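Asker: The residues making up each chain are set out below.
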Amino acid sequence: MNILTIPLRTMRKKWVKTLLLLLVFTLSVVSIVSLNYVSRVVGESLEKKLTAYGANILVMPRSEKLTVSYGGFSMGDMLMGVTDLRESEVEEKIQSIGYRDRISVVAPKLVAMTRVGGAAVGVVGVRFEREKVLKGYWAVDGAFPVAENEILAGAKAAEKLGLWAGGTVDLGGRIALVSGVLQPTGSDDDSVLFVGMDFAQAAFGQADHVSFVEVSALCAGCPIDEIVAQIAEKLPDVEIQALQSIVKQRMYSVHFVEHLILTVSLVILFIACCMVGATMLSSVNERIKEIGLLRSLGFSRGGIFGIFCFEAVLIGMAAGVIGYFGGYALSLKVLALLDMAGEAELALHPVHLALTCLLIVGVSVLAAFFPSWKAASIEPSTALISL
Amino acid sequence: MLEAKNITKTFQSEGVETPALRDVNLSLGKGEFVGIVGRSGSGKTTFLNVLSTLLAPNSGQILYQGEDVTGFSAQRLNELRNRDFAVVFQFHYLLPYLTARENVLLPFMNGLGTVGREEIARAEQCLERVGLAGKGGKLPGHLSGGEQQRVAIARALVKKSTVLFADEPTGNLDKATGESVMDLLAGLKRDGLAIVMVTHDEDYARGADRVVRMADGVVVG
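Chains as they are written, first to last, in our numbering: chain A, 1 to 387; chain B, 1001 to 1221.
Bound-form chain A, shown alone (with noise of 0.2 Å):
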C-alpha cells in the first residue's frame, strides 16, 4: 500500500467511469494506428503505381560538355573525359545501398546510332522487362518484345522506316524481328527503336556498356536526396540527378495521403483529451470532500496530482497497448477489404507499440494536467467549507 492505492481503488470502485474512458480513448487509438498502418500501405501502393509513369533518378557517365566555335564556324557541344559505365558494376552498386529495398526499378539504357536502309536512326538497347514497370503508360500494336532479337519501334521511327509489326529489320548487320510498334507517346520514344540489352551490346560492340540508368525508388518512407547521396557514395565517378519535379508530383499524392491521415488523427486525439479532461474535471470535482481530507492528513500537493495523474497514466497505457493490437487488428481488416491485403507489408514492431503507449500516456496525462492541477492546488481550507 502507499500513494498509488488511492488511484486504483478509485478506478475499481469507479469502474464504469473507468471503463468508459478507457474505451473512448482506446477507439481513439485504434482509430489512429489503423488509419496510420493503412494510410502507409496506401500510400506505397499509390507510390508503386506512380512508378509505372517514370524514373526519378538519373545515372550518367561524368563529362565536361563544351560548346567549341572557331573561326566562324560551330563544331556544336563536345564532350570531354566520359567516364565509362558498366551495367553489372551500377546495377551491383545501386542494388548494395541502405535504402535498396526502397528501389524500385533500375532501368538501363544504351543509345546508338544506326542505319537502316540508308537512314539513319536512333537505337536504344533496354531490358524489356523493366521498361515495361517503367513506362505502364506505352501501347503496343502487336506484341511486347520476348525473344533476343525481337525490337519494338517507336511510332514515328516505323512510319519513317517503314516498319510494321511483324516485320524485319536489318541493325548493324544482324536481322531482328519487330514484334510490336509503339503508339504515338507524344515523347522521344517516338522516334527511336527500342532493342533487347543484350543484343544491342553485341550489334553495337558495346558488351556490359550502358549510355545512362534511369532508376525508379519508391519515396514515401525516405527523402529522395538520401537515395541520391546513397547511389553517389557507391558510384564515385559517375553522375547522379534526381529528377525533382517527378519526385515532387508523386510525393505531393502519397503526402496528400498522409496529410489527411495526420489531420483525421489529431482531430480525434483531441477529442479524446477532451473526454478525458472532461471527465477528469468532473472527477476533481466529485472528489473535493476527498483532496480535502488527504491535504488534512498532510498529503502534499505533489502527491494530489500523482494521484490523478497516475489514473491518466494507467488509463494512457492500456488504451495504447489494447489500442496498438486492435489499430493493428483493423488495419488488416481495412486492406483485406479494399482488396489491398497482398500489399500490405504490416508486422507487430515491438518498437511502435513502446511509441504509441509513450505517445498515448503523454497525450493523457497532457489532457489531465490542467484536472490534476487542479485538484493540487486545492486549499485544505476550501475543501473544508464544501465538507
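If you're looking for bench data, these hints aren't it; they were derived computationally from the structure.
All of these numbers come straight from a predicted model, not from anything done at the bench.
Glycine included, C-beta positions come from ideal geometry on N, C-alpha and C.
Incorrect hints may appear among the rest.
[Said to hold, decoys possible] To spell it out: a stretch of chain B is covered by chain A in this simulated footprint if at least three of its residues, at any positions, have a beta carbon under 8 Å from a beta carbon of chain A; those stretches are:
#: 1; segment: 1041 to 1055
#: 2; segment: 1075 to 1088
#: 3; segment: 1096 to 1102
#: 4; segment: 1111 to 1120
[Said to hold, decoys possible] DEER-style ranges, computed between Cβ atoms:
#: 5; chain 1: B; residue 1: Ser1013; chain 2: A; residue 2: Leu260; range: 51 to 57 Å
#: 6; chain 1: B; residue 1: Leu1139; chain 2: A; residue 2: Ser282; range: 20 to 26 Å
#: 7; chain 1: B; residue 1: Asp1174; chain 2: A; residue 2: Phe369; range: 56 to 62 Å
Knowing the structure of chain A, use the given hints to seat chain B on it.
Answerer: Only chain B this time, still in chain A's reference frame:
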C-alpha cells in the same frame, strides 16, 4: 505546547469583508483537553481550522512548541499535519473504497514508500484502542455511524500525533454513540494527547478540562 496569539481572520466574498475571528488568543498545554463552544457562526470552526493549520490567519501567530507555524513552508506544514496534528471532522470522511484498516493507514500512504508490517500492526492497535478490533477488513459502508467516527479517530491516532483537533465529533451521532466517542476522547487525553474540540453541545463540552466560549469571532469566556 500550542498557542494562538491575536488571531484575526476575515473572509471576502464578492468584495464584502466578513470578519470571522477578531484578536483571538488560546493556549493549550500537553495532555490538556480544551472545549470550544459557541453558536453557529460564532467562529469556532474557523478558529479550529486556523489552529490546525488548515486555514491561514490574516494576522496573529500560532506557536507550536515555540515555533510560529504561520510562517512555515508548504512542505513543513504538510509534515506537521501528517506527523504532529490530527483532525477529526463531524462527518468521518473515510474513503469508501478503502477498508477500515486502510483508512487508518492513510497518513502513512502519502508517498511511494510501501506501508510496512509495523505500520499495519500500529493500525490494528489503534482500531483496538477505539473498540473496533477485528473490524479492520470492513469497508466503511458496512460500519455504523459511530464505528465510522471511531475509525476516523483511529486514523488520527495512528501517527502518534501530539494534538487532536476535533470538529463536532459527536455532531452526527446519537446520544449514546456520542457519549462513547467522548469517553474515547477522555481516554486519549489521559494517555497524554492534547485535544481541542469544537462543539455546540454544552454537555459534551463539560468533559473537557477547560471550556472556551466564542461569539461573533471573539472569545467571550
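Asker: Any of the earlier hints contradicted here, and which numbers?
Answerer: Hint 7 alone not satisfied by this model.
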